[in-house]
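**Student:** Read off the chains here:
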Amino acid sequence: MDEEYDAIVLGTGLKECILSGMLSVSGKKVLHIDRNQYYGGDCASITPLEELFKRFGAPSPDETYGRGRDWNVDLIPKFLMANGLLVKLLIHTGVTRYLEFKSVEGSYVYKGGKISKVPVDQKEALASDLMGMFEKRRFRNFLMFVQDVREDDPRTWKDLDPNTTTTQQLYNKFGIDKNTQDFTGHALALYRDDEYLNDPAVQTVRRIKLYSDSLARYGKSPYLYPMYGLGELPQGFARLSAIYGGTYMLDKPVDEIVIENGRAVGIRSGNEVARCKQVYCDPSYVVDRIKKTGRVIRCICLMDHPIPNTRDALSTQIIIPQKQVNRRSDIYVSQVSYTHQVAAKGWFIAMVSTTVETDEPEAEIKPGLDLLGPVKQKFVIVSDYFEPTDNGLESQIFISTSYDATTHFETTCLDVLDIFKRGTGEDFDFSKVKLELGEEEQ
Amino acid sequence: MASVKIPEQKVILCGEFGVGKSSLFRRYAFNTFVASNSRQSTLGLDHINKEYTVNGKVIKLQLWDTGGMERVASITSSYYKFAEAAILVFALDNPASFHVLSQHLLDIVTYAENAKIFLCGNKLDLVGQVPQVTDADMENFCEQCHNLISATFRTSCKSGEGVEQMFAEIARHLVNANRSRMELQTVDKNSFKVTPPEDPTEEPACLC
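Chains as they are written, first to last, in the numbering used here: chain A, 1 to 442; chain B, 1 to 208.
Don't read these hints as lab results, they were simulated from the structure. Glycine is no exception: its CB is placed at the ideal position from the N, C-alpha and C atoms. The reader is advised that the hints may include incorrect statements.
As the list claims (entries may be wrong) - Quick list of in silico lysine-lysine cross-link-like pairs, PhoX-like style, CA-CA up to 20 Å:
#	chain 1	residue 1	chain 2	residue 2
1	A	Lys345	B	Lys81
2	A	Lys88	B	Lys60
3	A	Lys220	B	Lys193
4	A	Lys209	A	Lys158
5	A	Lys345	A	Lys178
6	A	Lys158	A	Lys111
7	A	Lys114	A	Lys345
8	B	Lys81	B	Lys193
9	A	Lys209	A	Lys136
What the hints assert, rightly or not - So the derived label-pair ranges between C-beta atoms look like this:
#	chain 1	residue 1	chain 2	residue 2	range
10	B	Ser102	A	Gly27	30 to 40 Å
11	B	Phe30	A	Val380	50 to 60 Å
12	A	Glu272	B	Phe17	12 to 22 Å
13	A	Asn391	B	Gly160	39 to 49 Å
14	B	Val58	A	Ala127	38 to 48 Å
15	B	Pro131	A	Asp427	55 to 65 Å
As the list claims (entries may be wrong) - If we take Cβ atoms under 7 Å as the criterion, some of the chain B residues that face chain A in the derived model are:
#	residue
16	Pro7
17	Gly67
18	Ser78
19	Val194
From just these sequences and the hints, can you work out the full model?
**Tutor:** This is the structure in structure tokens:
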């Protein structure tokens, strides 16, 4: 530990592990420390099941839960967009070779107290109970516009510059009604609230394209989920970092970030000091440089059946648009199962999550819980959402934000790329990742 | 089905820092040896495939190195996932590296419970008149762990002695053990690796 490093990374959550991997690949000498005995921090998948129950102070699970070791339970539910930023990062860094994925089977949206499949093609759109007959035609015209429009080619704009008009104006042009706007904005464009209606339409167009391009990659839904749980993701990037020379230390308390002349120059653990030029960390390592800007509630539900009305899907996402339940932010329901090696045979894990708006967060997720049917065991986590108050340019301490309530990793990756740019002064150069050993297979 | 893809059999190296896991990897991959004073520990070694033919059946071994993570921290549990075989490596001139193997064995049976386990005493070239770890020690170890060990080997990465034989033998074990299972597995396992888009000029499928 008594060496000098280019960067010391604190915490092995997904964001820190991606950063550690990117820094090592860029030729930096990295020391990566976690105070826990395990990799992943908040992004770990908890195993065995006994450990999860202990974490929440619950009595040990009985034998109906099968073998505890067959469980890997995420604390933060998310899916990967098949054509999203995280998949790009996985491919470009080669981390994808450490992982296997399954396509999420069903994508649903909540309307008027029940759930409907998010239509994925023309046939489904025509058969969907989300829209009336005439609305279906308007929706189809809208989708064709979105698919054909090129941001830099006015000929495709149809008299509507997507860079200057708002999404609301775009909807109005195609005569899209409120209900369709609701599922388009929240289940296709994946906005968390309705702020986007006043933002430039180009952003909505990009998001819907991400959805449809993701869908085109692997079928049934635009979402992917890794075998053995999301905790595999930080571990994959940690291995990348290690292969490029990063040093890993677990179970190592960090007592202090050593500051000289306003700049971080190292970290202290007990009597040891490791010196460095920069520190990258999650909010929990720098309580004096962050502010709380909200709360997120996540509820883990263990069940012995799939979510009703999803055609017995072994993996599902359900989005409850805010307006449907008189809220300002959406409620998300996700479900994975034993087929992903995250639960014992016959078991399902559903998660309900949202941004907290009231003093009674548990009551807020009730519409989501009501969709699940009988739940065998429920664990509720309400966590603070932190943002850094220090951008690191002076102090050389680069802090990630907490994980938000979104159901995918797009914001996670944007934060990582932004931190990397602030820290190194350059965009991450994907071409720096050399072809690895063993990759030249036919 | 036009072509049947040869499934890769993931084989992982386990054992203490400095026993020669990466040297085994280099022998396996490039048939080279680099002395310890002229290299950094494990930089850049990830995994590599090699085909073996056992009784006319082709099998692809995919050997994985630890990435040097065991130097200070523990290895990630994902290293063990999907492993079909694990090689417990120790140095024949270093009894401590042998006695600590039960810990590594525990990790293997926890995270890769279906993996076949092999025991490998490396640095055979350094063994003097009085061996530090004897054949009897190795036999005792196998008995103590209730015959979890499928086979034992003694190798020297410096001279290359025993290395190729070991991997050929592991390939043979995996072919025999997996014959029926490999066929079954392809039926019910439909997970996949994510790959770059095949043709970027191709029009994405339309939603409508």
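**Student:** Decide, hint by hint, whether the structure agrees.
**Tutor:** For each hint, the structure was consulted:
no. : hint                             : result
1   : Lys345/A to Lys81/B              : holds (18 Å)
2   : Lys88/A to Lys60/B               : violated (28 Å)
3   : Lys220/A to Lys193/B             : holds (16 Å)
4   : Lys209/A to Lys158/A             : holds (18 Å)
5   : Lys345/A to Lys178/A             : violated (42 Å)
6   : Lys158/A to Lys111/A             : violated (31 Å)
7   : Lys114/A to Lys345/A             : violated (28 Å)
8   : Lys81/B to Lys193/B              : holds (14 Å)
9   : Lys209/A to Lys136/A             : holds (19 Å)
10  : Ser102/B to Gly27/A: 30 to 40 Å  : holds (39 Å)
11  : Phe30/B to Val380/A: 50 to 60 Å  : holds (54 Å)
12  : Glu272/A to Phe17/B: 12 to 22 Å  : holds (19 Å)
13  : Asn391/A to Gly160/B: 39 to 49 Å : violated (55 Å)
14  : Val58/B to Ala127/A: 38 to 48 Å  : holds (47 Å)
15  : Pro131/B to Asp427/A: 55 to 65 Å : holds (56 Å)
16  : Pro7                             : violated (13 Å)
17  : Gly67                            : holds (4 Å)
18  : Ser78                            : holds (4 Å)
19  : Val194                           : holds (5 Å)
Consistency with the previously given hints fails for numbers 2, 5, 6, 7, 13 and 16, ordered from lowest to highest.
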